[in-house]
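Engineer: Each chain, written out:
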Amino acid sequence: MPKSKSAYSIPTKKQKSDTYIFVVWVDNEAGVLARVVGLFSGRGYNIESLAVAEVDAVKNISRITIVTTGTPQVIDQIRLQLTKLVPVHKVAEFKREDKDVIFKEMALFKVVGKRNKIEKCLNACKKFNPVILDETKSSAVIQITALRREIDVMNKKLKPLGLISTSRTGAVAMTRGAKIFN
Amino acid sequence: MPKLLTGAEIVFKCLEDQKVEHIFGYPGGAVLPIYDELKNHPSIKHILVRHEQGAGHAAEGYARSSGKPGVVLVTSGPGATNVVTALTDAYMDSVPLVCISGQVPTHLIGTDAFQECDTTGITRPCTKHNWLVKDVNELSKVIHEAFRVATTGRPGPVLIDIPKDIQFAKTKYKKPNKEKKLNGKSHNKFSQDQIDELVKLLSKSKKPIIYSGGGVINSGPKASQALRELVELTGFPITSTLQGLGAYPGDDNQFLGMLGMHGTYEANNAMHDCDLLINIGARFDDRITGKIDEFSPNSKKVHIDIDPSSINKIIKVDLAIVGDVTSVISKINKTIAKRKNGHSKSNKSNIAKWWEQIEKWREKDSLNFVNSDESIKPQHAVQRLYELTKNKDTYVTTEVGQHQMWAAQHYKFNKPNRWMTSGGLGTMGYGLPAAVGVQIAHPEKLVIDIAGEASVLMTMQEMSTAVQYNLPIKIFILNNQYMGMVRQWQELLHEKNYSESYSEALPDFMKMAEAYGCKGIKAENPADLDDKIQEMIDYDGPVIFDCHVDPNENCFPMIPSGKPHNQMILGPKDQEENKIKGKGKALV
Chain A
187 MPKSKSAYSI
197 PTKKQKSDTY
207 IFVVWVDNEA
217 GVLARVVGLF
227 SGRGYNIESL
237 AVAEVDAVKN
247 ISRITIVTTG
257 TPQVIDQIRL
267 QLTKLVPVHK
277 VAEFKREDKD
287 VIFKEMALFK
297 VVGKRNKIEK
307 CLNACKKFNP
317 VILDETKSSA
327 VIQITALRRE
337 IDVMNKKLKP
347 LGLISTSRTG
357 AVAMTRGAKI
367 FN
Chain B
3 MPKLLTGAEI
13 VFKCLEDQKV
23 EHIFGYPGGA
33 VLPIYDELKN
43 HPSIKHILVR
53 HEQGAGHAAE
63 GYARSSGKPG
73 VVLVTSGPGA
83 TNVVTALTDA
93 YMDSVPLVCI
103 SGQVPTHLIG
113 TDAFQECDTT
123 GITRPCTKHN
133 WLVKDVNELS
143 KVIHEAFRVA
153 TTGRPGPVLI
163 DIPKDIQFAK
173 TKYKKPNKEK
183 KLNGKSHNKF
193 SQDQIDELVK
203 LLSKSKKPII
213 YSGGGVINSG
223 PKASQALREL
233 VELTGFPITS
243 TLQGLGAYPG
253 DDNQFLGMLG
263 MHGTYEANNA
273 MHDCDLLINI
283 GARFDDRITG
293 KIDEFSPNSK
303 KVHIDIDPSS
313 INKIIKVDLA
323 IVGDVTSVIS
333 KINKTIAKRK
343 NGHSKSNKSN
353 IAKWWEQIEK
363 WREKDSLNFV
373 NSDESIKPQH
383 AVQRLYELTK
393 NKDTYVTTEV
403 GQHQMWAAQH
413 YKFNKPNRWM
423 TSGGLGTMGY
433 GLPAAVGVQI
443 AHPEKLVIDI
453 AGEASVLMTM
463 QEMSTAVQYN
473 LPIKIFILNN
483 QYMGMVRQWQ
493 ELLHEKNYSE
503 SYSEALPDFM
513 KMAEAYGCKG
523 IKAENPADLD
533 DKIQEMIDYD
543 GPVIFDCHVD
553 PNENCFPMIP
563 SGKPHNQMIL
573 GPKDQEENKI
583 KGKGKALV
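Top line first, the protein sequences correspond to chains A and B.
Take the first sequence: its letters are residues 187 to 368, numbered as in the working numbering.
Take the second sequence: its letters are residues 3 to 590, numbered as in the working numbering.
Hints in this document: simulated from the structure, not taken from any laboratory.
Just so you know, these numbers come straight off a predicted model, no measurement behind them.
Any given hint could turn out to be false.
Claimed, not checked - Computed Cβ-Cβ distance ranges for the label pairs, DEER-style:
hint: 1; chain 1: B; residue 1: Gly-428; chain 2: A; residue 2: Val-327; range: 53 to 59 Å
hint: 2; chain 1: A; residue 1: Met-360; chain 2: B; residue 2: Tyr-175; range: 56 to 62 Å
hint: 3; chain 1: A; residue 1: Met-360; chain 2: B; residue 2: Asn-416; range: 57 to 63 Å
hint: 4; chain 1: B; residue 1: Gly-428; chain 2: A; residue 2: Ala-216; range: 31 to 37 Å
hint: 5; chain 1: B; residue 1: Lys-208; chain 2: A; residue 2: Pro-197; range: 32 to 38 Å
hint: 6; chain 1: B; residue 1: Asn-416; chain 2: A; residue 2: Thr-361; range: 54 to 60 Å
hint: 7; chain 1: B; residue 1: Lys-143; chain 2: A; residue 2: Met-360; range: 55 to 61 Å
hint: 8; chain 1: B; residue 1: Lys-208; chain 2: A; residue 2: Ala-216; range: 54 to 60 Å
hint: 9; chain 1: A; residue 1: Lys-365; chain 2: B; residue 2: Asn-416; range: 54 to 60 Å
Unchecked claim - Derived pair list, reagent style DSBU-like, types lysine-lysine, alpha-carbon separation capped at 35 Å:
hint: 10; chain 1: B; residue 1: Lys-315; chain 2: A; residue 2: Lys-200
hint: 11; chain 1: B; residue 1: Lys-191; chain 2: B; residue 2: Lys-206
hint: 12; chain 1: A; residue 1: Lys-276; chain 2: B; residue 2: Lys-174
hint: 13; chain 1: B; residue 1: Lys-21; chain 2: A; residue 2: Lys-245
hint: 14; chain 1: A; residue 1: Lys-281; chain 2: B; residue 2: Lys-302
hint: 15; chain 1: B; residue 1: Lys-315; chain 2: A; residue 2: Lys-270
hint: 16; chain 1: B; residue 1: Lys-136; chain 2: A; residue 2: Lys-270
hint: 17; chain 1: B; residue 1: Lys-191; chain 2: B; residue 2: Lys-21
hint: 18; chain 1: B; residue 1: Lys-315; chain 2: B; residue 2: Lys-143
hint: 19; chain 1: B; residue 1: Lys-315; chain 2: A; residue 2: Lys-290
hint: 20; chain 1: B; residue 1: Lys-191; chain 2: A; residue 2: Lys-276
hint: 21; chain 1: B; residue 1: Lys-565; chain 2: A; residue 2: Lys-270
hint: 22; chain 1: B; residue 1: Lys-206; chain 2: A; residue 2: Lys-200
hint: 23; chain 1: A; residue 1: Lys-285; chain 2: A; residue 2: Lys-270
hint: 24; chain 1: B; residue 1: Lys-318; chain 2: A; residue 2: Lys-365
hint: 25; chain 1: B; residue 1: Lys-70; chain 2: B; residue 2: Lys-366
hint: 26; chain 1: B; residue 1: Lys-177; chain 2: A; residue 2: Lys-245
hint: 27; chain 1: B; residue 1: Lys-302; chain 2: A; residue 2: Lys-202
hint: 28; chain 1: A; residue 1: Lys-245; chain 2: B; residue 2: Lys-5
hint: 29; chain 1: B; residue 1: Lys-524; chain 2: B; residue 2: Lys-534
We treat Cβ as the ideally placed atom computed from N, Cα and C, and that holds for glycine.
Isolated chain B (complex conformation) (with noise of 0.2 Å):
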């Protein structure tokens, strides 16, 4: 007969089962009996955060860094709550996250007894699925169970909620089964005749433009190498969302940058103009298209996509090809490929005069900025800290603001999940704790959280994790003491009325840094801010850098609300241009 585990070691044959090497967590009274088990698996590395919301953006910059589900343990009540901003994030941004909640006795589920809470009801909408497990000899297949749904299709995260009972019952142990049980959830229903139909769209267009999102990173590495032989391939022009940098070389030619709300003024116009249209892994989000009935009105529109509901949701469709992007694409280039061969032409004569008009656009150079020798531009310190950490193979971070704009804009990314930052659901705090995990997957890469004060101090108290596990983040703040999006928008949009926007009382970044136990490094004159960057990079320890720069500044290019693609307000430089032709109003 086999020998009986019990629950909580059952959830630990599970993890091994499934090759997990790190959980994010933070103990309390209903998940005792798992941690009490921990010792016994020395395989498994426990990573102690001060707030349960960091355990879950940590595991999210895990998964995102390494492709691997990111794996979160938590206590009832409070824990499980704090946890839910993290779920949502990872549920937006489509991160493969597997929790797992204490919750109290199943005889007390009910009563309102001491850290209960209705964890599976409270995580429903912001999870793929969730369970509630009541019965001991459903765990093992539960878990399994569990990480297929985490971890296949769109990705996304998945909440196990274990009464304290469950975890002391015993049973036997049940191996995760081999054969898959797709429940009429099939992710690859693509035909060769669609790929067929794409590919004569190709030769045919005149105009055309990919559009690739954080699908193609979520594909695995194979899809960005896929990717980037479509664009060799066919000679198009590629722009990406701000989840899908890094799929796509940022420093290559064919590549204008990032689109939408922020995106430069060559990407948005050739989004407007262009005649067919191919979206590879996005999913036209609202910060993408602007205006809707005004979004590339005159294109043929293509959207690959693994999420049949991510179809025609919002922008409707010319050809969906619904699959995984590594498998359509290769698909594609293999199409291509055979096509040549039977006759030789290529339609790269066919896109020069586009080509001429895209480089018209780039002229306009959007994401130029007037630098100063007296304070430090954000952007500058972007762009510096790119320089001096380019040939590394740095793993950024950011929070969400303006800050995070600037880090997507200046640093450029040429490899997939080296680039992890909160798009959907925009959660500040993000960052610091995505940057203790990423380092836990990557321990001898640079990890840099670009940051800005308001958010970083949202989950601050992860500093004292990377100091307990010796990981050396560097935490980069663009301290300009406000909530600098915000200001942007009241400046803009509210007359300037800074309704709460400025934080009156800062605390002072190089004490904190002591008092976590780690560097502080503060920067507020242009002229030392190279040597203050590579003290940082040179420093082997957690650093919190304070890089003061100046207050004013604002976020261009952007898309005004409501308006479309093609009327976009440029910087600095273009707004004096126009306001000498009286035409400065107009654009705002």
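If we strip away everything but chain A, and leave its shape as in the complex, we get (with noise of 0.2 Å):
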């Protein structure tokens, strides 16, 4: 065992880390979404995609969508940790893997090339939605909407077809079925 050199103890043998989404619904206020974060940078969480925005306007809540990655006991501290600050109503939070969750993210794709390189990349979309939103005649801008590990897919797939920028948005998710979140 190393010998710790300091007034603090050294660090133990890591849990197993799993992906998890949280939805947190809180006050649409200035600087709620600076709260969320810095609770996240500050207390050394980890923050792979976030997606936010108004979805009352009279009530005035916001819906803040994080995907993060943590222990067991990280994310159970996420959750308690969100839960304390003041404009935030209600936490949930699932696995990533939970079937009963739905979750999307959506992607803008600007593709330069002739005709048929369009068309190839629209084909290669074709399992997520695609639609076309602005087209010229050396151009086009697809948007698809798929998980995260697709887009990643996608967005090497197009790159010979001629794809020059990508947009993304971060994950949003939803239950399946009349439930909502607790």
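Both chains are given apart, each in its own frame, so use the hints to dock them into the complex.
Structural biologist: In structure tokens, the structure reads:
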């Protein structure tokens, strides 16, 4: 065992980390995103992606979706620490593998090239509801919705076909069926 | 139509409705409208400090000794940044503070105006919540909400940033809202089932220990009362964290002394060997647990805390009860009493063996030190101070370092709210301004800051505040010319390389006392110590007491870093014995 030369103990064995999705309902007020994000950076938690927008204009509520990784203990802490923030109303979290939850990201691809290349791109995207948002003789902007990994794959695949710019959102989540997050 | 009030008037209306009597502050450009309004509110007394950090610590001392929130008023920019240390300190130790800061006028925010800083941005991680008020109509609501956030649940500091134009703008005043908007954050979530389960564990246990913390103090005097009843009912041994001292009488036989890095041998060994550990209002701080993997390996663990995020943060527990300590312990006591009526069999006989073991550990007398006729031993100085002040309902604050640990080990507290020390953040310079705040809250009581010469120099300027308000605080400096705790770690871990831990050019504290206009007393000789301490106690006014102590003394016992509770380094007597057996080195 290495001898600790400090007033603090040395780190002990790490548990396995998993990917979780947090959904946080907050008052839509100045600084609220900074509070949530600051909590993550300040306590050394990790943010893979983040999506935030107002969902209820009357009650002034925004919904933040955060993808993060951590050990079960860290995930517990994230939930409890988030719940303590004053503008936070409700926190839900679930594993990425959770079958009861739909979880999607959107990407915009700008492809520049000949018609046949663009067609090839569209074809490759077929599985992910491609929508052409803009089209010229030599370019197209294609929108797809998919999982993070799938978008990663498409991003690679379209490069040789003329993909010159990608813009993507963070993940958003929704439960299946009539249930809502508790 | 109701009268329109300015923002500055609203600030004071709110403070009056919140029954604030004292505010600690320092004026400046961006808060001048509020300071201008001060003269119209005779029920609120302003204490002018010499540095905003001092205002924050004074408010902390005020809050911790009185149970009421401390209020701080500072200007924008440097005023706000200077108070950050105190806010962080209050956040770590769960002290309710309401800090009001001035800000540049709203139209100048973001322009790098004179004395502008992003105050809410800077203080976001060190407050429970903060607000930048950009609309005067929001002001009264925000201030009342601020007091609610600071004082409910696990207490903590909050900050309200008020731009100068808002202080001038006029609106109607709104009284505090009676109904409580909890926002899903209710605090007493425990059930009778959980209490029953705990009582079952209590009755089955053969080697129990209660480990209580600052949460008991924060829950109010009733919590300490309930804790005493619980300890009496069960006959269990009890140990306390640094912040919890005073919740249970320090001179009682069931009290094992403080636990943790500089805790007693019996407390730490009992924590390690117990079969039931009941944490009441403490947070398994790393100074307490030592090595996590080997922390109390064979015990069922129960955690009672008002903050759900404290549960399982560091140590996984078997039973968690989220609630206010007073309500939880009272429920436990009632449940035990009811059961006892059913069948009077107490489990006190179950734990007789455990007590025998504890008595064996006690025989080590782990707080021992080798006294001297030639130089004053710091432990001896604290013991004498205790003996000469114990009948006076004394309030003690400390700075941070060896003297703080010696004070915690050798000064025995019998009541809650008598002990104010910076535990979580470990802020050198805390004790002197905190003593100012304590004395403001308790003008008739004896208030002593047990200090180190290095720490006290960090906020020495507040002596001027003490003199201005004729606060008879006693600054009892254990002067060893070193940053003692730094020196101790360097001795034990860095091959005695005393890098920068010696203060070459200390001021003459006697002359310093004279310069501030207070009394100076110097003690260098053990024979004079008692008389000098008595002279300090009898003097009606602030005193700087320069107590020259042995510079090489170390604070024992201690748990070396990365070691579990049962591998402590003991004091000099024990080390001597071990050296004879050739085991001396293995302990370090």
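Engineer: Is B/Lys-565 close enough to A/Lys-270, meaning Cα to Cα at most 35 Å?
Structural biologist: Between B/Lys-565 and A/Lys-270 the Cα gap is close to 33 Å, so the pair holds against 35 Å.
Engineer: For the pair supplied as a hint, B/Lys-318 and A/Lys-365, is the alpha-carbon distance within the 35 Å limit?
Structural biologist: holds (32 Å)
Engineer: Please work out if B/Lys-315 and A/Lys-290 have their alpha carbons no farther apart than 35 Å.
Structural biologist: Given pair B/Lys-315, A/Lys-290 holds - Cα atoms ~31 Å apart, limit 35 Å.
Engineer: Given the proposed pairing of B/Lys-191 with A/Lys-276, does the C-alpha separation stay at or below 35 Å?
Structural biologist: holds (16 Å)
Engineer: Take a look at whether the Cβ-Cβ distance between B/Lys-208 and A/Pro-197 falls inside 32 to 38 Å.
Structural biologist: holds (34 Å)
Engineer: Is 54 to 60 Å a correct range for the gap between the Cβ atoms of B/Asn-416 and A/Thr-361?
Structural biologist: holds (56 Å)
Engineer: Evaluate the given range 57 to 63 Å for the C-beta pair formed by A/Met-360 and B/Asn-416.
Structural biologist: holds (58 Å)
Engineer: Taking 35 Å as the top limit, are the C-alpha atoms of B/Lys-302 and A/Lys-202 close enough?
Structural biologist: holds (25 Å)
Engineer: Tell me if the straight-line CA distance from A/Lys-245 to B/Lys-5 falls inside 35 Å.
Structural biologist: holds (31 Å)
Engineer: For the pair supplied as a hint, B/Lys-315 and B/Lys-143, confirm whether the alpha-carbon distance does not exceed 35 Å.
Structural biologist: The given pair, whose Cα atoms are some 34 Å apart, holds under the 35 Å limit.
Engineer: Measure nothing beyond the straight line between the CA atoms of B/Lys-524 and B/Lys-534; if it is 35 Å or shorter, mark the hint as holding.
Structural biologist: Distance of about 8 Å is within 35 Å: holds.
Engineer: Is the hinted pair B/Lys-315 and A/Lys-200 satisfied, with a Cα-Cα distance of at most 35 Å?
Structural biologist: holds (15 Å)
Against the hints set out earlier in the document, violations occur for numbers 2, 7, 25.
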